[in-house]
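Participant: Given next are the chains, with one letter for each unit.
2 protein chains.
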Amino acid sequence: MENKKNQVNQNSAPIGIFDSGVGGLTVAREVMRNIPLERIVYFGDTARVPYGSKSKETIVRYSRQIIRFLMTQGVKAIVVACNTASAFALEEVKKEIEIPIIGVVQPGAKVACAATRNKKIGVIGTEGTVRSQIYTKVIQEWDPKIEVIGKACPLFVPLVEEGWLKDPVTDEVAYRYLKEIKEKNIDTLILGCTHYPLLRSTVQKVMGENVTLVNPAYETALELKNLLYQHKLENRGDGGEKELKYQFFVSDAADKFKQFANSILPYDIETTKQINIEEF
Amino acid sequence: MENKKNQVNQNSAPIGIFDSGVGGLTVAREVMRNIPLERIVYFGDTARVPYGSKSKETIVRYSRQIIRFLMTQGVKAIVVACNTASAFALEEVKKEIEIPIIGVVQPGAKVACAATRNKKIGVIGTEGTVRSQIYTKVIQEWDPKIEVIGKACPLFVPLVEEGWLKDPVTDEVAYRYLKEIKEKNIDTLILGCTHYPLLRSTVQKVMGENVTLVNPAYETALELKNLLYQHKLENRGDGGEKELKYQFFVSDAADKFKQFANSILPYDIETTKQINIEEF
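Line by line, the protein sequences are chains A and B.
Quick note on our numbering: the first sequence kicks off at 1 and runs consecutively.
Quick note on our numbering: the second sequence kicks off at 1 and runs consecutively.
No lab work stands behind these hints, which were simulated from the structure alone.
A few of these clues could be false.
Copies of the same chain look alike in the list, so a pair counts if it fits in one copy or across any two.
For lysine-lysine, the following DSS-like pairs were computed, each having C-alpha atoms within a straight-line distance of at most 25 Å [to be verified]: (1) K256 <-> K56; (2) K56 <-> K94; (3) K166 <-> K179; (4) K151 <-> K166; (5) K95 <-> K166; (6) K258 <-> K151.
Model, not experiment: these values are computed from the prediction.
Make a model of the complete structure from these sequences and hints.
Facilitator: So, in C-alpha cells, the structure goes:
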C-alpha cells in the first residue's frame, strides 16, 4: 500500500526543466503539447544568462546549483533544456543524481542521423555548443561516416530577444552565418540552440526547402515521454491535482520573463517567482 | 614618519576598475592614456555578463561582491566602469566604503550639459541604463530645462563582441535604433554604454557631423585624475614599482577576455586571472 501510494506521489510529481533563460521555454512548450498530463517546474537562470560564451567549469557549477534547487521542488525527472549545459554539464551531473535526466543534444542528434541522406549534417548554436563539438561526438558515435559542420551564430539569441523574428536585418545576419555551411552542401541542419526554433522560417528560407531542419526541443519531448514510460513515471492524472500544473522560477527579472513566456507558450503564465540561485 | 610611509603606500596603491565584462576596458584605456603613472586592478564579471538586462537588486549584490574583491587587492579608489552598475548601484555602495568611488554617469552627464546648445541631449545605452533614467535625473539636477531622450540599443553589445564594427548590418541596426532620437533634433549624444565608443564612427555617420558625441570613458578618466589630486592620492611613481602595473581579473573565460583586451588596449596583457566572484 505504502509503495503504491509513493508511486502515485512520484507519478504526479513534476518534471524539472531548466535553461539559461527563456530559450528552454521552446522545450517546455513541446512537453506541454506532447505530454499534456505532465506537470512542470521550469527554472530560467536569467541572472546569469547567456551560458553560450561561458566556460565548462562555470556551466557545471551553475547546473549543479539549479539541480539542487529543482530537487527541493520534488521533481521526478530533469530535462537540461539548454544546449550549452547539455554539452558541458550533462555527463558530469548524471553521475550525481538518482532520478532520470536528459539533455537536448542526444535526441536532436539521433533524429538528424535518421534524416540525413548524404551524410552531411550542419549544426548551428552558441559559441560554447559549437566549440564543444558535442553534436559531432554524439553523431559520430552512431555513424563515424557522417560529416558534421558546426557554425556559431552569436547574434541569433539577441535578435530573437529583440523580437526581430521576420526582419531584413535578421535575414542578412542569417545569410552571412549560414553561407559557409550552405556551401558545404549539408542536407540536414540541427537548430542547436533553444532560441533558434523561433527563427525557423528565416533559417529555412536561407537554407532552401531541400534541407531538413531538426528541432531538438520537439525530439526531446518525445524522448522524455519514452523515458517516463520506461521508468513507469508517467503522470496518469490521478494525483496532485491541487498543485499548480506549471510553475516558473527565475534568478532575475521575473516580469520580463513572464512577458516573453506569454508570447511563445500556448498558455498564459500567471506568476513567476524569483529566487537567489547562488544560495543552492 | 609612519604616516608619511603609509601615504606613500597609499599613493602607489592601484585604482580598482570594474565592469560586467570587457566594455570597461574602454575606461581602463582612457585611464592608461590620461593618468599613465597610475596602477590598475581591473575586474570583468564575464561569468555574469551582461548587466544591462538585469534588475537593480541583482546589480547591487554583484557590485558589493566585486568591491569586496577589489578591497582585498588594496585599491585606493574605485571606478564603476559600467553604466548599468553606475546607474543602479553607485549611490548604495558609496555609503558602505571609505575610499573614493566614482561611476561613469556623472562625468559623462556633466560634459554633455556643457556641450549642448539647443538643450536636447540623447542617451543611448543598455535597457537597464535607459530604463533607470539615470542620465535624465543627473542632467536635470544641473539644468531642469534640458530635455533628455533615451534609447536602448540591445544589439550594439553583441555586434561589438562579434567584431562587426564597420559593417552594413551594424549600419542598418544603428540607423534603426537612432532614427527616433535623430528626429528629435538632439545636438549632443551620450554613448551611455562602455562598448559604444567602439561604434563611434558608425554612430557619428548616422547622426551627422553636427551632433557632438560624448564618451563618458574619457570624461571619467579626467574626473578620476581630479579626484586623486583632491584626495592627495596621485601616484608619483615613487613606490610599488616592483608590483605589476596593470592586473586583470575575470569571473570566467580568461583567454577570451585577454584576446579582446589585446585588441583594444594600447598595451599587451600577459596574464588574466580567473576568480570565483561568488565567494566574495
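Participant: Each hint should be assessed against the structure and marked as holding or not.
Facilitator: Do the hints match the structure? See the list:
1. K256 <-> K56: Classified as between: cross-chain Cα gap 14 Å, same-chain 27 Å, threshold 25 Å.
2. K56 <-> K94: Within. Shortest intra-copy distance 15 Å satisfies the 25 Å Cα cut-off; inter-copy 35 Å does not.
3. K166 <-> K179: For K166 and K179, both the intra-copy (19 Å) and inter-copy (20 Å) Cα distances are at most 25 Å.
4. K151 <-> K166: both (21 Å within a copy, 22 Å between copies)
5. K95 <-> K166: Intra 42 Å, inter 47 Å, cutoff 25 Å: neither.
6. K258 <-> K151: Only across copies: K258 and K151 sit 23 Å apart there, 31 Å inside one copy, limit 25 Å.
Hint 5 from the earlier list is the only one contradicted by this structure; the remaining hints agree with it.
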